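In the order they appear, the protein sequences are chains A, B, C and D.
So for the first sequence, the numbering used here puts the first residue at 1; every next one is plus one.
So for the second sequence, the numbering used here puts the first residue at 1; every next one is plus one.
So for the third sequence, the numbering used here puts the first residue at 1; every next one is plus one.
So for the fourth sequence, the numbering used here puts the first residue at 1; every next one is plus one.
Incorrect hints may have been included.
For chains that are exact copies, the list does not tell them apart, and a pair is met inside one copy or across any two.
[To be verified] No farther apart than 25 Å at their CA atoms in a straight line, the calculated lysine-lysine pairs in the DSS-like style are these:
(1) K143 - K225
(2) K113 - K130
(3) K225 - K259
(4) K288 - K41
(5) K330 - K235
(6) K330 - K316
(7) K250 - K56
None of these hints come from the bench; they were simulated from the model.
Treat the numbers as computed from the prediction; the structure is a model and nothing was measured.
4 protein chains.
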Amino acid sequence: MLKVGVIGYGYWGPNLVRNFNGLANAEVLMVCDPSLQAQNKVKLAYPHIDVVSDAKALISSSKIDAVAIATPVSTHFELVKNALEEGKHVFVEKPFTETVAQGEELVELAEKKKLTLVVDHTYLFTGAVKKMKQLIDEGALGKIYYFDSMRVNLGLFQHDVNVIWDLAPHDLSIMDYLLKNNPIGISANGIAHFGNDLHNIAYITVYFQDNLIAHFNVNWLSPVKVRSTLIGGEKKMLTWNDLEADEKIKIYDKGVDVKNGEGIHDILVSYRSGDMWAPRLKQTEALKEEAEYFVKCVEQNSPPFNDGHSGLRVVKLLEASSESLKSEGKIIKI
Amino acid sequence: MLKVGVIGYGYWGPNLVRNFNGLANAEVLMVCDPSLQAQNKVKLAYPHIDVVSDAKALISSSKIDAVAIATPVSTHFELVKNALEEGKHVFVEKPFTETVAQGEELVELAEKKKLTLVVDHTYLFTGAVKKMKQLIDEGALGKIYYFDSMRVNLGLFQHDVNVIWDLAPHDLSIMDYLLKNNPIGISANGIAHFGNDLHNIAYITVYFQDNLIAHFNVNWLSPVKVRSTLIGGEKKMLTWNDLEADEKIKIYDKGVDVKNGEGIHDILVSYRSGDMWAPRLKQTEALKEEAEYFVKCVEQNSPPFNDGHSGLRVVKLLEASSESLKSEGKIIKI
Amino acid sequence: MLKVGVIGYGYWGPNLVRNFNGLANAEVLMVCDPSLQAQNKVKLAYPHIDVVSDAKALISSSKIDAVAIATPVSTHFELVKNALEEGKHVFVEKPFTETVAQGEELVELAEKKKLTLVVDHTYLFTGAVKKMKQLIDEGALGKIYYFDSMRVNLGLFQHDVNVIWDLAPHDLSIMDYLLKNNPIGISANGIAHFGNDLHNIAYITVYFQDNLIAHFNVNWLSPVKVRSTLIGGEKKMLTWNDLEADEKIKIYDKGVDVKNGEGIHDILVSYRSGDMWAPRLKQTEALKEEAEYFVKCVEQNSPPFNDGHSGLRVVKLLEASSESLKSEGKIIKI
Amino acid sequence: MLKVGVIGYGYWGPNLVRNFNGLANAEVLMVCDPSLQAQNKVKLAYPHIDVVSDAKALISSSKIDAVAIATPVSTHFELVKNALEEGKHVFVEKPFTETVAQGEELVELAEKKKLTLVVDHTYLFTGAVKKMKQLIDEGALGKIYYFDSMRVNLGLFQHDVNVIWDLAPHDLSIMDYLLKNNPIGISANGIAHFGNDLHNIAYITVYFQDNLIAHFNVNWLSPVKVRSTLIGGEKKMLTWNDLEADEKIKIYDKGVDVKNGEGIHDILVSYRSGDMWAPRLKQTEALKEEAEYFVKCVEQNSPPFNDGHSGLRVVKLLEASSESLKSEGKIIKI
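Turn these sequences into a full structure, and let the hints guide you.
Next comes the structure, spelled out in structure tokens:
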């Protein structure tokens, strides 16, 4: 029975408490939040859980085996570091850290301490992403040509991070998970309409060595909600529309066959167009599966795929995006 | 009665012949195409029209007042120049020219000769674009914050131009028409998957002085056809989905109200969310309206809005895009 | 403070407890369910609520002012009758009763006892239905020509009622509420595929005196979920798609203008086609509003619009449908 | 080379002329229409075709082998009868005739004269209907449970027939073709809003012997255009949305497995829900394929499946619908 303490009971924390509490081999013993209102919410819903206002009390408690952290990114480094130093396993919200340097230090510390460190990219545990992973790993799509995502809505303007740090971690982590390919450069453009240096619209392009490109369109100022991704492969292509109730993933037996013609610039392109297929997806709650997986990794001392390295790869892309954004699209090598 | 000669009877030429022929105050007297097959098609459909294989014969014919040109972009400069020198009014397909220098020379020549020179951006005459123009000019959307378009499908790979020169002229000309704002820089990213230096996917960002940004996603390798645009304004926002049979334009009474808070980086954002409204659009054929407009401008000797300057503004953006594409996103000042 | 007892804690009961408990001027003091599992669920979620297994204990409790009943329809008559006789106000699930005779007896009893009796047709409290009610009452649609609804999915086959008694009460009550018109006859067709006399697909037509018709398509055996309604009026028409996240209601400025021609059978029809408009809808939970409304009606001793008469009008249509179904569509006068 | 004469050059006639003319082994030699305007249209488009105003002149012409008839249904009987008597093969628009008696007489006459008689139900030659036919004949759907179609829009009010005779022949002929099952009864409801005895909205239910039901919703007064059909089978179910550009047909691996329980009314229902699959459809023009098929049947003297019997089966359903409509849903045995 893994004993979990949860730090932060704002938007996401209640989901962590509910899901860790719902597992057969874990229980939440303590929750920390400085807000009295949040503390009362915990007490009302879970009378048996200890509530504290100071994170150190939770982190240093000998009753706790693992700490789940759902606080603003600016606090992650300190909290994760303290938890690891106290010998606790850590489950921390995305984005992992504010800087690459912070992330590297934490990854190293977790390895030194032989503790499980997981960065919560919940989407990786959805039925849709798991199905895409399976299809790509099986080779159903063939060599991947591109990954193109759009995540826009009339969103909550964040006060501490720009739209890239708010929305892109979802799609960057999904891309990282699905493509298993090393980015070599990143170019980002965008705008901060309201004069506060926090960009509310951004467009990111990621270059890879192997004839592969990825693009991300994130926007807090859209009248409509769009969450859709195109993935083009040599054999097949797919669309992922996360707002569809059913049929989120559609696989198209479509593509081009390309032969070189006689001249240097000559290519002969022919088109294939066949059936479309929408596989049934598992409907379980992604966070529940992720919580189970974290507990299993701790119990079995097995390395999680969504570990600090994984979280760090996303932070590298975020940091490079921010740098490119300042020079309006200049490519940043990674 | 304006006497029109049409050069090029491939994909678009037949539409030009049909539409100019359908006008009360114009008629097509001559068509030029080097292909015997194309020539036979003209003869079958329009037995009374003269068919020639040499453009010079058409351009220099004294029977002709105006020349409509639907040939590959690489031939535009020569043909338009000759036509203007022969004193003919010109209606030429997009993109206007291969280079900014060519376009500038033609614009100057047309002005010197006091001839009407129109670049065919047909979309500007659709019911959808005209409605958006009206709404923006009336101020219904308020100050425009962004323009974001996506035009992708499993498209015909062109052999002479990349996807930007093929697809983006549509959206760049619409943006130019609607926003009436001067771009100051452009950043373009993309990929040529098939080793021929012709990019088949590209992402373009255009920066403007006045807190405005535009973005274009063009792709020949998508399993699904998408032709959609978001325009965000201070008062209202709209979506344009050109693939909808009805309700192509939807206007949302949505937005954010922003106040500065106390600190430098503090902004207070509140959201508005109201009704949606889909105005009825005119259903007439856009090219018919454009042909009528061209004839009217010639007859009344009035300056067209879709003149050489307009075509040249689009070529400037295309040329800058190509340059930025080479350096993977580096901003090119305009 | 209205003291409420809830009978039945299966699918819908928990929603009743949660919503009545969430009101400022009501509280749930007792829940009744014969199932031990259900009883334990109540105790876990609401430790302070009394749990009983016998409905009579709840109904006769002097602590209780009002009884909310969420049990199978076959038990409604007994439970409601007992509750009214014990002087309790009643909030009972749809369909109201198994027969018209039962419903009439209960309506009479409630009036005699001067007690509030409400039949829970939750849809009437949704933002969508309230907006349609407002539009129709304002005359925005003009005289109503027809009401046509489709409610199909791969549904839970019920063991005690057919698809009409399961799904049609929703749409019949909405029709009754919106149209305020007296049906004169009903014709129903359908099929029981699985040999148990419980029809799993049915089509119902309702005739009215005043040049108005309504139609209902209900189906438990559809591969896709559809919940959509068309309402045609003389001035405007609307669609209601309850599965849309936004824009559930769309109002079309469309219609026909009809003049009589010279001959008896001659009509001259001209068409109008204008804008479409999707009003913003309130997002509050319908059952919360209905619970509030019930409490207010009890407190103020004011007659609810969703009273026993309203529930009875729906039962009349259900009973007539069942009769028509037996003779495969023969009209049953109402 | 089959020599074809076309009677009627209104809405559909031009399509017949264009398609028969486009075939390698047929040509249109004569067109008949009483309207001068229609005659001029023919002359302009096809200068070599003879134009006459009297149908008898065409029918009795020795130059003509086959007559294609695109005139109002009230004229079909006379024209088809005359054509058959003159030894011409016949291709006639739907609905075949105004009455069952007329249809029977024509079928008999065609057989006696050994002439090919085809009723044009164009939909049967679309890629969508052919794919559904293939799937059903292969047994992919298993035993068919139901067929449910909706065909509504703001339609052209006809002056001579009601909405059933105008719209339902499409769906009735598709049902007849796909299901190959004998209807035993029909129940129809509807309304004539504009006082001319021509119903503009109708709902038709068709009963079959073998645990199968079909339903048709036709409406000239809908604000939106809907053309969709559900077909439920024991193994799989499908949807056909004819307004989709791609993916018109979607096949769902969904259904119920039913076992009888202990009691008479007890059934145990379990649900299956699997993948969805949208097969690629052929994109050729349906009428072109049908014209080719007609010519082939004439040349090879082979019996067409869309013969007079097929057209007559649809007329039987239309006639019975009209009778049921008069008694507001009373079942009419077939």
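Against the structure, the hints come out as follows:
| no. | hint | result |
| --- | --- | --- |
| 1 | K143 - K225 | between (30 Å within a copy, 22 Å between copies) |
| 2 | K113 - K130 | neither (30 Å within a copy, 60 Å between copies) |
| 3 | K225 - K259 | between (40 Å within a copy, 24 Å between copies) |
| 4 | K288 - K41 | both (21 Å within a copy, 21 Å between copies) |
| 5 | K330 - K235 | neither (33 Å within a copy, 33 Å between copies) |
| 6 | K330 - K316 | both (16 Å within a copy, 20 Å between copies) |
| 7 | K250 - K56 | neither (47 Å within a copy, 52 Å between copies) |
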